[in-house]
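Student: Sequence:
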Amino acid sequence: MSKCLPQISTNFRYFIILIGLLHTLPSHAQLVSTVDSSRVNTFKSEKDSLLYSKIKSRLSKNKIMSQIYDALFRDIYNKNANNQQVNQIEENPFKNFEGKVIRKIYIKRLKVFGETIYDTTKKARGLDDVLNRLHKDTRENVIRKSFLMFDVGDIINPDRLRDNERLMRQSSILHDARILVIPDEQFPNLVDLLVITQDVWSLLPDMEFGGFGRFAVGINQVNFQGLGHSWKNTVYYNNGQDKKFEYATRYTVPYIGRSFVTGQLDLIFRRELMQNSIRFFRPFLTPDMKIAGGFEFSRYAYTKWQTLDANGRVLKINDTTVFTFPITYNYTDLWLAHAFKLSFLDKENQKRSRLVLSMRYSNYVYTERPYVTKDTNQLYRNHQDILFGMGFSSRRYKRDILIYGLGRTEDVPYGYLASFVAGWENSQLWRRFYSGIKLAKGEYFNGGYFYGLINAGGYTDGTSVFSLETNYFSHLHKIGKSQIRHFVTLRYAAGNNRYTGEFIDLNDNNGISSISSDRLRGIKRLVLSYQAVIFSRVSFVGFRVAPFFFADLGMVNIKEKALLSSPVYSGFGIGFRFRNENLTFNTFQIRLGLYPNIPDVSTFNFTFGDVPTLRLKDFDISAPEIVPFK
90 MSKCLPQIST NFRYFIILIG LLHTLPSHAQ LVSTVDSSRV NTFKSEKDSL
140 LYSKIKSRLS KNKIMSQIYD ALFRDIYNKN ANNQQVNQIE ENPFKNFEGK
190 VIRKIYIKRL KVFGETIYDT TKKARGLDDV LNRLHKDTRE NVIRKSFLMF
240 DVGDIINPDR LRDNERLMRQ SSILHDARIL VIPDEQFPNL VDLLVITQDV
290 WSLLPDMEFG GFGRFAVGIN QVNFQGLGHS WKNTVYYNNG QDKKFEYATR
340 YTVPYIGRSF VTGQLDLIFR RELMQNSIRF FRPFLTPDMK IAGGFEFSRY
390 AYTKWQTLDA NGRVLKINDT TVFTFPITYN YTDLWLAHAF KLSFLDKENQ
440 KRSRLVLSMR YSNYVYTERP YVTKDTNQLY RNHQDILFGM GFSSRRYKRD
490 ILIYGLGRTE DVPYGYLASF VAGWENSQLW RRFYSGIKLA KGEYFNGGYF
540 YGLINAGGYT DGTSVFSLET NYFSHLHKIG KSQIRHFVTL RYAAGNNRYT
590 GEFIDLNDNN GISSISSDRL RGIKRLVLSY QAVIFSRVSF VGFRVAPFFF
640 ADLGMVNIKE KALLSSPVYS GFGIGFRFRN ENLTFNTFQI RLGLYPNIPD
690 VSTFNFTFGD VPTLRLKDFD ISAPEIVPFK
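Following our numbering, the numbering of the sequence shown begins with 90 at its first residue and continues without gaps.
Take these hints with a grain of salt, some might be off.
What the hints assert, rightly or not - Capping the alpha-carbon separation at 20 Å, the derived lysine to any residue pairs in SDA-like fashion look like this:
| no. | residue 1 | residue 2 |
| --- | --- | --- |
| 1 | Lys184 | Gln439 |
| 2 | Lys321 | Arg368 |
| 3 | Lys189 | Asn278 |
| 4 | Lys570 | Ile492 |
| 5 | Lys650 | Tyr588 |
| 6 | Lys487 | Pro502 |
| 7 | Lys719 | Lys570 |
| 8 | Lys706 | Tyr503 |
| 9 | Lys379 | Arg347 |
| 10 | Lys650 | Ala583 |
| 11 | Lys193 | Arg228 |
| 12 | Lys719 | Gly541 |
| 13 | Lys184 | Asp281 |
| 14 | Lys440 | Glu187 |
| 15 | Lys430 | Arg371 |
| 16 | Lys487 | Asp377 |
| 17 | Lys430 | Ile492 |
| 18 | Lys234 | Leu316 |
| 19 | Lys567 | Phe665 |
| 20 | Lys436 | Phe481 |
| 21 | Lys487 | Tyr453 |
Because the hints were derived from the structure by calculation, they are not lab data.
As the structure is a computational prediction, the values presented were derived from the model and not from experiment.
Based on the provided sequences and hints, a complete structural model is requested.
Tutor: Shown next, in the form of structure tokens:
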């Protein structure tokens, strides 16, 4: 597979971030409305807006109205975010309006910079205003037609509104989103909805620099022309190769026409990887969705390096058995799922629990590959997988902050799922039956949040996988003016009767962070990871800073050895993470690691790079799948 260019000097995106440090950036959306002029208007200031005063007086007459007023001018979910305090909402704020009819829907789009929920009179000035003018806001009709799960005339469903708000907030193009219900005293059965959104800064330049003879330049527009589309383009240059220029692009269209179907096109033209793929998919974004499915057709061509023998030992560089060979194949995938309510459950569980039936067809056709037999190169066999699934899922969400983000609202899933998969494989080598099971549960408790996952699957010929994963994070604890959260992860994976040349490893995200060694491979793996993240009040003009400490311990074995007899490999270190939630940049971090016994890895390792935004695992059920060995 293709390898990224070495980043000898600082990634170009961090130069753009430094420009952002020249001005103050807000951390949350401003809730001001552009509703009918007789009801709610744009508030220019607290002093000169008579209508603002009338609304304040009107909405403060009773408890419900007072809550609406508070929601308009304070972030009811993150009102303590500036003080780094978690404020979870246990009750659905839309319950008081259940059964009422939606009369009108208003959209208020806030500017990326300047406007803030904590100061409704604040406006962008100077560089903030210039950057706002350079940004193309998400079009109102895009929000209406692609992101809303309700329409005029619908009856208020509290769970649907809350789920819709969550989906918008999780979108890559929005910094935050709120849905507010505006009641009418004259017509108590009718309500208006105010949808407030705030974009993130969507233009992301990128550059990898390995010298003037080897570099890459790219640009990622995550909200192309305000359509909500994402378009990423990268050009690679290497003067040392016959093919000096390479190109890669990805175009994504989310939630096509309120169908909540996402379309994606990938084109990659590189020396070691050629890829053309198109895919459409619609997951169960909420429990209310009855139908999910997906389709993909892809063509891959890449160069495979053979660096390991059949037992996972690393071959020497001058070994004649080290060689490369081309791999080319076509991949077709089609799946469909239907969710059913369970009438025998109580009313509350009926809302969030579903029985899901699913089926899937996958086809791999290789046109270039090494010689395949039942004993060698089985990974490259032509085969078809036909799978059927049945599962039960129950999921809810709590709002929290300061988990993987640095201030943005995070929706923590809690619930459980149990699914069973059965089917068969037709291939040039064999016809065999497959079955698998998946169990997962996540829940808050007095000490924090715990998630557990068990995955197991196998064929009738004995080829199988078993994996176990547990994740824990603590509540926030104060240390001075900052707060700290602890994270612990335990992972175990084991394969039996796996294919020739197929292994799992301890590299980077698979085990010990920021390392890569061909010697840490085997068929069984055990990893224990710990992180302590300090959410400080330090901010570089909008960029929040989070110091952290990490420790990773891992074991991996080859076929001849027991796992517990293998060495315990380790990595320890400290670092700093930086993020501004108004930008589409990934969190970037500086890390200093100590690796006392990792083969082919220096004892001290300093890294500076970005970190993709992590999300907690949900409890939705989608396509039936074969448990991966990775």
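Student: Indicate, hint by hint, whether the structure satisfies it.
Tutor: Structure-based check of each hint:
| no. | hint | result |
| --- | --- | --- |
| 1 | Lys184 to Gln439 | holds (16 Å) |
| 2 | Lys321 to Arg368 | holds (16 Å) |
| 3 | Lys189 to Asn278 | holds (5 Å) |
| 4 | Lys570 to Ile492 | holds (18 Å) |
| 5 | Lys650 to Tyr588 | holds (18 Å) |
| 6 | Lys487 to Pro502 | holds (7 Å) |
| 7 | Lys719 to Lys570 | violated (41 Å) |
| 8 | Lys706 to Tyr503 | holds (9 Å) |
| 9 | Lys379 to Arg347 | holds (15 Å) |
| 10 | Lys650 to Ala583 | holds (13 Å) |
| 11 | Lys193 to Arg228 | holds (18 Å) |
| 12 | Lys719 to Gly541 | holds (18 Å) |
| 13 | Lys184 to Asp281 | holds (15 Å) |
| 14 | Lys440 to Glu187 | holds (14 Å) |
| 15 | Lys430 to Arg371 | holds (19 Å) |
| 16 | Lys487 to Asp377 | holds (18 Å) |
| 17 | Lys430 to Ile492 | violated (32 Å) |
| 18 | Lys234 to Leu316 | holds (11 Å) |
| 19 | Lys567 to Phe665 | holds (18 Å) |
| 20 | Lys436 to Phe481 | holds (17 Å) |
| 21 | Lys487 to Tyr453 | violated (41 Å) |
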